[in-house]
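Chains as they are written, first to last, in this note's numbering: chain Z, 1 to 116; chain A, 117 to 231.
No lab work stands behind these hints: they were computed from the structure.
From the three backbone atoms N, C-alpha and C, an ideal C-beta is built for every residue, glycine too.
It is possible that some hints are incorrect.
Pairs of lysine-lysine, DSSO-like flavour, derived with a Cα cap of 30 Å [said to hold, decoys possible]:
(1) Z:LYS69 - A:LYS218
(2) Z:LYS49 - A:LYS173
(3) Z:LYS113 - Z:LYS69
(4) Z:LYS58 - Z:LYS113
(5) A:LYS127 - A:LYS173
(6) Z:LYS58 - Z:LYS69
(7) Z:LYS58 - A:LYS218
(8) A:LYS173 - A:LYS218
(9) Z:LYS49 - A:LYS130
(10) A:LYS187 - A:LYS218
(11) A:LYS173 - A:LYS187
(12) Z:LYS69 - Z:LYS49
Coverage of chain Z stretches by chain A, computed from C-beta distances (three or more under 8 Å per stretch; other residues unrestricted) [unchecked claim]:
(13) 26-39
(14) 57-69
(15) 104-113
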Amino acid sequence: AQSVTQLDSQVPVFEEAPVELRCNYSSSVSVYLFWYVQYPNQGLQLLLKYLSGSTLVKGINGFEAEFNKSQTSFHLRKPSVHISDTAEYFCAVSGASTGGGNKLTFGTGTQLKVEL
Amino acid sequence: DTGVSQDPRHKITKRGQNVTFRCDPISEHNRLYWYRQTLGQGPEFLTYFQNEAQLEKSRLLSDRFSAERPKGSFSTLEIQRTEQGDSAMYLCASSFMFGGAKTQYFGPGTRLLVL
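Please work from the sequences and hints to get the whole structure.
Shown next, in the form of structure tokens:
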């Protein structure tokens, strides 16, 4: 079984400032890692994913994340945020074995609020 | 290429009534997942299908919940004798199990309110 901890429930930041949203996971097997964004009353949109290979992954809208196996972390970063980045961000993990169904386990989310 | 669609987007019902939600996945995707998201929480896994076979059900899925995916295309999620605790957003996702994708694409969700 896997679990995900998102350490910050809310992160306020000024526009054009950098931001980091933290995510730590726990798993006894190899994992895939994902970040999704959710705007109010909408479904989840994939920002980026780590499946294998380079530990630094780049996603949409200028976001990137780094997989750190030793620290079991997958923190999300953006060097300069925009007001439109205001949303809820979810970190998720799945087992890497196809036989396990690859179901996602989500964290509780981080609300990013970008202020002028 | 259309994404995952869900119908209805919103449903208000009275306690004790039955409700049914529909999910249409991305056409070539052979896996379909249902999740439930309550206010202020992340989505929680309910069940998933590979083609038409339901391969796993969470213990969150009580006997009042049933899901089907006839012919391996669209899926329905039915809740019988709804309770106020069933109020939540129900999310559907689909993925292609082969290759390196392993990415689940989500629909817009169905928001259920049980009065």
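Now for the hints, and whether the structure bears them out:
Between LYS69 (chain Z) and LYS218 (chain A), the direct Cα distance comes to roughly 20 Å. Compliance with the 30 Å bound is thereby established for this hinted pair. Of the supplied pair hints, the one linking LYS49 (chain Z) and LYS173 (chain A) holds, its CA atoms being roughly 25 Å apart against a limit of 30 Å. Taking the CA atoms of LYS113 (chain Z) and LYS69 (chain Z), the gap is near 29 Å; set against the 30 Å cutoff, the hint holds. Restraint check for LYS58 (chain Z) and LYS113 (chain Z): satisfied, since their Cα atoms lie roughly 21 Å apart, inside the 30 Å limit.
For a cut-off of 30 Å, the pair hint linking LYS127 (chain A) to LYS173 (chain A) stands: about 23 Å separates their Cα positions. In summary, the hint linking LYS58 (chain Z) to LYS69 (chain Z) is supported, as the alpha carbons are separated by about 17 Å, within the 30 Å threshold. Distance hint between LYS58 (chain Z) and LYS218 (chain A) is fulfilled; the C-alpha atoms sit about 17 Å from each other, no more than 30 Å. Proposed proximity of LYS173 (chain A) and LYS218 (chain A) is supported: the alpha carbons are some 19 Å apart, at most 30 Å.
Distance restraint check for LYS49 (chain Z) and LYS130 (chain A): the Cα-Cα separation of roughly 40 Å exceeds the 30 Å cut-off, and the hinted pair is therefore not satisfied. Taking the CA atoms of LYS187 (chain A) and LYS218 (chain A), the gap is near 22 Å; set against the 30 Å cutoff, the hint holds. For the hint pairing LYS173 (chain A) with LYS187 (chain A), the CA-to-CA distance comes to about 19 Å; that is within 30 Å, so the pair holds. A hinted pair counts as satisfied when its Cα atoms are at most 30 Å apart, and LYS69 (chain Z) with LYS49 (chain Z) qualifies at roughly 15 Å.
A count of 3 residues in the segment 26-39 of chain Z with a Cβ less than 8 Å from any Cβ of chain A is obtained; the coverage claim is therefore met, three being the minimum. Restraint check on the segment 57-69 of chain Z versus chain A: 0 residues with Cβ-Cβ distances below 8 Å, three needed, restraint violated. A stretch counts as covered by a chain when three or more of its residues have a beta carbon under 8 Å from one of that chain; for the segment 104-113 of chain Z and chain A the count is 6, and the coverage holds.
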